[in-house]
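Since each chain sits alone in its own frame, please combine them into the complex, following the hints.
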Amino acid sequence: MSGQELPAIEARKLTKAFGHQAALRGVDLQVAEGEFLALFGPNGAGKTTLMRIVASLTRPTGGAVRIRGVEPGKAGPALRKQIGLISHNSLLYADLTPDENLRFFARLYDLEDPAARIDVVLDQVGLAARRRDPVRTFSRGMVQRLAIARAILHDPAIMLLDEPYTGLDLQAADMLRAVLEELAASNRTVILTTHNLEQGLEMCDRAAILNRGRVAWEGPRAGLDLESMKELYRSVTRPA
Amino acid sequence: MSYLRKIGAIVWKDVVAELRTKEMFSAMFVFAVLVIVVFNFAFDLRVSGERVREVAPGALWVAFTFAGILGLNRAFASEKDGGCLEGLLLAPVDHTAIYFGKMISTALFMLVVEALMLPVFTAFFGVNLFDLRLVFIVVLGTVGFAGVGTVLSAMTAQTRAREVLLPILLLPVAAPVLIAAVKATGGLLDGLTMAEIAAWWRLLLAFDVLFPAVAFMTFDYIVKE
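Sequences listed follow chains A and B, in order.
Counting from 1, position 73 in the first sequence corresponds to residue 73 in my numbering; the numbering is continuous, with no gaps.
Count along the second sequence from 1, then add 1000; that gives the number in my numbering.
Among the clues, some could well be false.
What the hints assert, rightly or not - The calculated SDA-like cross-link candidates involving lysine to any residue, where the alpha carbons are at most 20 Å apart (straight line), are: (1) A/K74 x B/D1220; (2) A/K74 x B/D1094; (3) B/K1022 x A/A94; (4) B/K1183 x B/V1052; (5) B/K1224 x A/V70; (6) A/K230 x A/G219; (7) B/K1080 x A/E100; (8) B/K1224 x A/H88; (9) A/K74 x A/D99; (10) B/K1224 x A/G73; (11) A/K81 x B/E1050; (12) B/K1080 x B/A1009; (13) B/K1224 x A/G19; (14) B/K1022 x A/P7; (15) B/K1183 x B/E1163; (16) B/K1224 x A/A116; (17) A/K81 x B/K1224; (18) A/K81 x A/A116; (19) A/K230 x A/D205.
Derived from the structure by calculation, the hints contain no laboratory data.
As the structure is a prediction and not an experimental result, all values here were calculated from the model.
So that you can see chain B by itself, here it is in the shape it has in the complex (with noise of 0.2 Å):
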């Protein structure tokens, strides 16, 4: 119970943080306005009607992705900044504690920036989206995404070059999370029931799975000069 409630106090810290100064969250759901916006552009001299459902799930996540890589490239950095990861590690806290509260944080800032995206996606794209399918997508897909994304950012923190870095490393690792991701929710646009983009969304479930497992194995030698 104190392991979680450590992780809790983490995922507390980040939030009034961000309550506070709004930073992240704004560059995050601004940025991933202009990608959408920059896309809708793009594809109404080349793509209409019917045509637009094959482009909008890639478009989605292109926009959550560079939303979300904003975010990744605060989540540590903001902790190296001040000093504050020497305080997150010289406390009795399992070091594992501050991957999951670190990515339970940024999952949250990209869940919160998503909803809002997703009637601004409705209105430019004129797709519907509001489907509990394609939440439960969603989900899965930020989940796995913030997964990996903050294992590779608490290890691109301790760069000059953070800031390059991160994007690099991290999209090729995220590759297999994005693309199982869009296939859903192109499938799920398409109206193909969940049985039949199952393959998809389970391939999201174990990434979900897999990245913090290979983050709880490893992140201790990873935030440790």
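For reference, chain A alone in the conformation it holds in the complex (with noise of 0.2 Å):
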């Protein structure tokens, strides 16, 4: 990143508490335009939460973060635009087709051609064929590709990752690999959380490790082979 350019995500000093319960205790990471970054920690690390602020969907306590230098809460609707976000939730409704499902949040993004894009996204996915079954039909796999499919249908630049691969069979897991190789190679800012050291190795630029609500490791993938992250995974993580 050049001293000039503006980082796609960027949290200073991000805290978040829950009553007395800190869920974040200042967490400072930047993440470059077109960087994947993923984000280990153990449950309970605030990978969620440190989510759910970057996607305005919660309010910090204290600090800031900022969107290609634009704080979500103080921005207009239009910021969340570049979001693209698949969380443990499918935010989808299980009463409606995937067609359904689909045309309702193109409406809500006011995209110019939905038809065409929801047929890009479903055959993407490989739920084409399934377009007008409800999704309360769906096995928990088939929703997690739907809900890809929904992340994906604005086409974000900046895509938020929390446990994608929770709940996923082999066959939807692949399926999500490959969408998620196509975003990286598609020069968009991706942060993926897991526990899953290897499945959040595979394809980042970079890695960081989240532990009680502070940032306790951040490096390149570069150079960084799976034992060696486990152990250094472990250092950081190992309970006080």
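Below you can see the structure in the form of structure tokens.
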């Protein structure tokens, strides 16, 4: 990243507390444009809270997040058009079909040719044949595939993937991997949170470990193999 | 125009989902019929003839209110359950559009139930409710009720005891709307003109504007953690 260029995502002294429980305790993190960051951490490390703040779903208690130099809380709705999120929840309506779900989100995102784009993303996730079946009849893997289609429908520049492999069968995990590879190749900014080191290291440019609400380690992917990452992870996340 | 299109999209989504499941509509309708049946039996023991007109407006609006609370309980709970509210909040939509979309769909479901309830009520209580002026009052009352109810539904959907909390918060706040609606309905059943009940329907009109205006200013803080 050059000195002039704004980072795609920047968190400064970010804190978040739920009552007396601190989820984030001063997170400083930068993700450059087009960078793929794998964010590791044990359960309760604050990964999901950080992703929710970046996605402007939750307000931070202190500090600030900037998306391309703009604070999500102070920006208008247009900033959210740049963000795609895959989270623990599918964000889909079970009573609607994939076609209806995607048509609904296409209208919210003001897509110019929704029908064509819906065809593309449904083909991409292999659900074109089931486009008229209610989502409630889908398996967990199929729902997650449709969630991916929803997240990439508006072709966002920034993708936030919060434990996207959770609950996926082998076929769905392979499909997700293919979509992620495509995202990584298309120069999009991606943050992937996971506690699976192997999956996280596959495509990332840089890795970070979040532990007890703080960035405990961060560094480039280059020169980092799975075994040394495991060792590093254990040493950083060791209980006090 | 984009703002209105997004409100329209939210209403469309709610209507399509409801047409497919009919969960909310059937619960609201059956509950409203049961309320009227119970009132009918209860009043039958003590109230007869012309005095039915005195209790009819209250019974009618209690049925509408209870049915409305069922609908409001589902309005945001259905979004929250599947995590769908996050999808709405993440979209490039002014959050007040979510409020207006949910308010319109709730009012729409209530109005459909109420339209079906009027003949049922007429049959049980023997009071003719087929009057365009009464339809006007019902629409005003329903919009006011949905207006305040949608804000509170969004608030209580974030809590675990939402089914209990919503009526406890809603009924005191919506009381002016219900009082005005009952008074206006009673006036029409007593043969008064619209001019003679103007104070009540104007009050309803004021709340129909006031509640959405307050929601417009506060909704963003309500739906975000």
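(message) If you test the structure against every hint from before, which numbers come out violated?
(response) Of the numbered hints, 9, 11, 14, 15 and 16 do not hold.
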